[in-house]
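Visitor: Residues per chain, in single letters:
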Amino acid sequence: MSIMRRRHPLFAVGKYAALLFYLAFALFPLYWLLKIALTPDALIFSEGTRLLPSAMTWSNFSAVLFATDFLAYFGNSLIVSLGTAFVTTLVAAGAGYAFSRFVFAGKKIIIAVMLITQMFPLLMIIAPIYKIVADLGLLNSLTSLIVVYTAFNIPFATFLMQSFFDGIPKDLEEAAMMDGCSRFQALRKVVFPLTLPGLGATLGFVFTAAWSELLFALMLISRNDAMTFPVGLLTFVSKFSVDWGQMMAAGVLALIPSCLFFIFIQRYLVQGLTSGAVKG
Amino acid sequence: MIARPLEPAVPGNSRARRSLYLQYMVEPFYYLAPAVILIGAVMMMPLIIGISYSFQSIELLNPFKTGWVGLDNYADLWTDRKFWIALENTFFWTFWSITFQFLLGLGLALLLNTQFFGKRLFQALVFLPWAVPTFLSALTWAWLFNPVIGPLPHWLVAVGILSEPYNILGDPDLAMWGPIMANIWFGVPFFAITLLAALQSIPSELYEAAEIDGATPWQSFTKITLPFLAPMIAITVMLRTIWIANFADLIFVMTGGGPANSTQILSTYIFTTAFRKLDFGYASTIAVALLAILLVYALILLWLRKKLVRI
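Chains A and B supply the protein sequences, listed in that same order.
Using the numbering used here, the first residue of the first sequence is number 176, and each one after it goes up by one.
Using the numbering used here, the first residue of the second sequence is number 24, and each one after it goes up by one.
Extracted from the complex, chain B is given alone in its bound form (with noise of 0.2 Å):
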């Protein structure tokens, strides 16, 4: 191993070579070794044992299962029809948050890229959201769906998408919406804060240009803002996909996976199975699963950065 620091050896410093050879390799790690044994002992390891933990059968409630599998509990997954269900979850859940989150994140940052009147109390408001504690916006989103105390169900029995006021979080045809909607509320001001500085980074004088040329604002959004937005964009709703496909609390609060499956995303099944069941076996399992699928996707999306934006 060879370390240097940034800047030359302090001149006149006339210790043996050696020792300041030393010196300088093990210097950066006394910055670093704490966070790098943390990251080691409770991430890292846990991450392999987990990963072990698939080819095992560990179900603390039956300890009398325990042993190597080999890969039957993958066997199991193939067959399990709530993982199949929970597999299409995850993509619908996924899809929907991540289109109406970088929407009208998207929509915000615009506005917010221009001038008016309190911006600055309206950015701090706006963003609030983001810091609600997300078990709080779960609670808060299941009372709004409720009809007793909520004004969500007469609101949209108004509206005339439903016929009665009764809670969508119980109805497993609607119920995904309600955690969605939590999540959108909870996500746009993320989308807005990344978005809004990378408009900040553009160069106003190619809208100056453009409007001298006589471009119309439709024009000077789809030829300049776009494009420069582009790689932002294509790693933020990236990175914000696999974070949203993992997102599990708002969903675990809401519905709990109900009602009949209809809610259970691969995150909530992974959390119910090892809380619930204490089969950490087949947590392990589907986690493993769930993996797999992110990584295939953070793959075909980096493959397709490189293809489309060349900035």
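One chain only, chain A, in its complex shape (with noise of 0.2 Å):
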């Protein structure tokens, strides 16, 4: 806004300021975090609020990787967020493509459904689903989750693929259909290329989300060697509750799967949000 720029010079300094606070605010936890998983265990104590540790060690790092099931709980993760993320972008892909290229009986009625599922509280159906998965023998199986996790983030993945279509022109497919290709041809030949960079992003938030999920984690899955990431650690927590610092050293380790991906998604997160609009 250029009306901002010719005001007086205290609206600078002002402006300045609420942006120190705003870095301040979002970084000092993550920045906390870092330095206590840095901290060599004898000065946590005795420097509990300093803000820069007068020594500093990768033991904490070591130590969680190699002596805990730490690399399990990680792998079990990114087995559950890469599963779910290519299934759930495979199927919006396909439920997406739908609505922007069809009209047809039934459609509104599938959009509410599809938007009232994003709003009841997700949680309401704990119970049913841990009997369902229960009955069928599924309890600590990873395949449950990527099920669930699927289902759950396909309404909002759906419409995020629906606006990345409706911005690629119809005529394309149009044209391609008239030299004698099928539409399914059409859609892998032509259209497919040019949606990669909204699969990319799609994948990317569904990642994040599975990555993150951690109440249904809890309920269906109670065995050590089936756990993902957020309900190790917090079993890892109330297990260990004194050793700071290889705590924080797993958080940050938590932190790089989802700092890559959204650095990875950054571009999206505008259009994502505001045509998905509904996302939790």
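It should be emphasised that the hints constitute simulated quantities derived from the structure, not laboratory data.
Just to be clear, a hint being listed does not mean it is correct.
[Claimed, not checked] Just the calculated beta-carbon pair ranges, DEER-fashion:
id: 1; chain 1: B; residue 1: F118; chain 2: A; residue 2: P368; range: 46 to 52 Å
id: 2; chain 1: B; residue 1: D95; chain 2: A; residue 2: L226; range: 46 to 52 Å
id: 3; chain 1: B; residue 1: I71; chain 2: A; residue 2: F186; range: 53 to 59 Å
id: 4; chain 1: B; residue 1: L325; chain 2: A; residue 2: K282; range: 30 to 36 Å
id: 5; chain 1: B; residue 1: L148; chain 2: A; residue 2: L226; range: 17 to 23 Å
id: 6; chain 1: B; residue 1: T122; chain 2: A; residue 2: A247; range: 37 to 43 Å
id: 7; chain 1: A; residue 1: A242; chain 2: B; residue 2: F118; range: 42 to 48 Å
id: 8; chain 1: B; residue 1: I184; chain 2: A; residue 2: G189; range: 22 to 28 Å
[Said to hold, decoys possible] Pairs of lysine-lysine, DSSO-like flavour, derived with a Cα cap of 27 Å:
id: 9; chain 1: A; residue 1: K306; chain 2: B; residue 2: K105
id: 10; chain 1: A; residue 1: K306; chain 2: B; residue 2: K300
id: 11; chain 1: B; residue 1: K88; chain 2: B; residue 2: K330
id: 12; chain 1: B; residue 1: K246; chain 2: A; residue 2: K190
id: 13; chain 1: A; residue 1: K282; chain 2: B; residue 2: K329
id: 14; chain 1: B; residue 1: K330; chain 2: A; residue 2: K283
id: 15; chain 1: A; residue 1: K283; chain 2: B; residue 2: K300
id: 16; chain 1: A; residue 1: K283; chain 2: A; residue 2: K345
id: 17; chain 1: B; residue 1: K300; chain 2: B; residue 2: K105
What you are looking at is a predicted structure, and each value in this text was computed from that prediction instead of being measured.
Glycine included, each C-beta is placed from N, C-alpha and C at the ideal position.
Combine both chains into one complex, guided by the hints.
Guide: What follows is the structure, given as structure tokens:
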């Protein structure tokens, strides 16, 4: 806004003070996490509230990585999140394509149902889901988590994919179909390459959502070797509630995948959130 | 069921009209079926089963008490003091979370709508909390509030809010502010992103015209920015309120609903009833009550929006 720039110098000072405040507020907790993770055990209590530790160590990280079940949790979470991301994106791409390109009976109802699923408390179905999964004998299986997460994420991912398909001119595939392609061939050869960024963004969103889901994983997984990362970290915390350095090191490691995906999806954030407009 | 694709039929197609018609009717569902089936089986069916649970007694730890009980669960709910405390806490939690998230988010969006050096990097960094998995935000803030390793209690003493550095998460009077703080931290980027997108859609000629006419920045903010943002604000606040009222992760990890139920909100009450007591009937009853409250809320807000916003 050009108005701001021509105002009083106090305006500029206030603006930079505000920028600094937001930056500190956003980063301080993460900085603290990293700081404690890097502080040697001996210094954690004596230097409890110092802003910079007087010595640093990687031992917490190596302890977490090699002396605990951390890597197993990490692997489980990776399987679940990647599985969910790929299946959801595939299914949502199909549904988004149908919403974008067809007019058909029942379309409004299906869209309405999808919107409703974004509104009601998901915890509401935690009990029925537990019973259904238990009756199928699928407790403690990563597959059941993938199926559940996939269903949870489909509505948002579908609206996201629809907005990407809407941005691709219909003429392109019509031309291909004129030239003798079937619709599916046109989709695969013409539309698909153009949607790659959209598919990537959807993958990223779903991955981060699945990566951080805690409550359903707590309910459906109780065996140690099937735990996903959030569940594992939580048991880790309650079991070894004194080993601050290791816990924070585990926390820092948990941040890495989400941050990577976050950087990757940065430029789709505004588009994604406004087109879906219902994302939790 | 009648279906047709948006484009006209391919000319020169000589197949029988009937099979063409059938093909058009079915074709969208080739693409849609997996999504519809999954949502139906994993969300809608359990939703209906869940509602039916609220009229049954289903306690996994007490399998002999299983059966239909009519409205007994609802009668229990009416006399359950914990439910009313949780309801009150839900309002408190949701109201303060959404208020601070919105105000700080609006401020951030307005800042990001101006030009300054290093904006791209700044934006990436302030949006970072949004990418932090919720359980980790909860743990991080729980640690920050811990006087042994976190600085916050000491700072609170320094500014005179606390008399001595203790963990506010253990104080029934203050404990709720812990998860609220974490929620604000986690939720500001969401508001900023949504409001920024709306801000960028306001035509800049309006501001130029206002400036020529001698409007102060405050006047252009209240007369141009706010009216333009109003619909977006209404819809975002509504959706976000519902989402926050349902959001149990932070509280569950930070306090587990304690001390003495002072941070128990309805969604954590649902979860602990299902997860710790395995009392699925009662958990579903609380869930139905929460759903009803949210429904009433959404209807009121939609009605208000229709009355107030005319864009």
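Visitor: With reference to the structure, classify each hint as holding or not holding.
Guide: Each hint tested on the structure:
{"no.": "1", "hint": "F118/B x P368/A: 46 to 52 Å", "in the structure": "48 Å, holds"}
{"no.": "2", "hint": "D95/B x L226/A: 46 to 52 Å", "in the structure": "57 Å, violated"}
{"no.": "3", "hint": "I71/B x F186/A: 53 to 59 Å", "in the structure": "57 Å, holds"}
{"no.": "4", "hint": "L325/B x K282/A: 30 to 36 Å", "in the structure": "22 Å, violated"}
{"no.": "5", "hint": "L148/B x L226/A: 17 to 23 Å", "in the structure": "18 Å, holds"}
{"no.": "6", "hint": "T122/B x A247/A: 37 to 43 Å", "in the structure": "42 Å, holds"}
{"no.": "7", "hint": "A242/A x F118/B: 42 to 48 Å", "in the structure": "45 Å, holds"}
{"no.": "8", "hint": "I184/B x G189/A: 22 to 28 Å", "in the structure": "25 Å, holds"}
{"no.": "9", "hint": "K306/A x K105/B", "in the structure": "26 Å, holds"}
{"no.": "10", "hint": "K306/A x K300/B", "in the structure": "14 Å, holds"}
{"no.": "11", "hint": "K88/B x K330/B", "in the structure": "50 Å, violated"}
{"no.": "12", "hint": "K246/B x K190/A", "in the structure": "22 Å, holds"}
{"no.": "13", "hint": "K282/A x K329/B", "in the structure": "25 Å, holds"}
{"no.": "14", "hint": "K330/B x K283/A", "in the structure": "25 Å, holds"}
{"no.": "15", "hint": "K283/A x K300/B", "in the structure": "40 Å, violated"}
{"no.": "16", "hint": "K283/A x K345/A", "in the structure": "21 Å, holds"}
{"no.": "17", "hint": "K300/B x K105/B", "in the structure": "15 Å, holds"}
When held up to the earlier numbered hints, the structure conflicts with 2, 4, 11 and 15 and fits the remainder.
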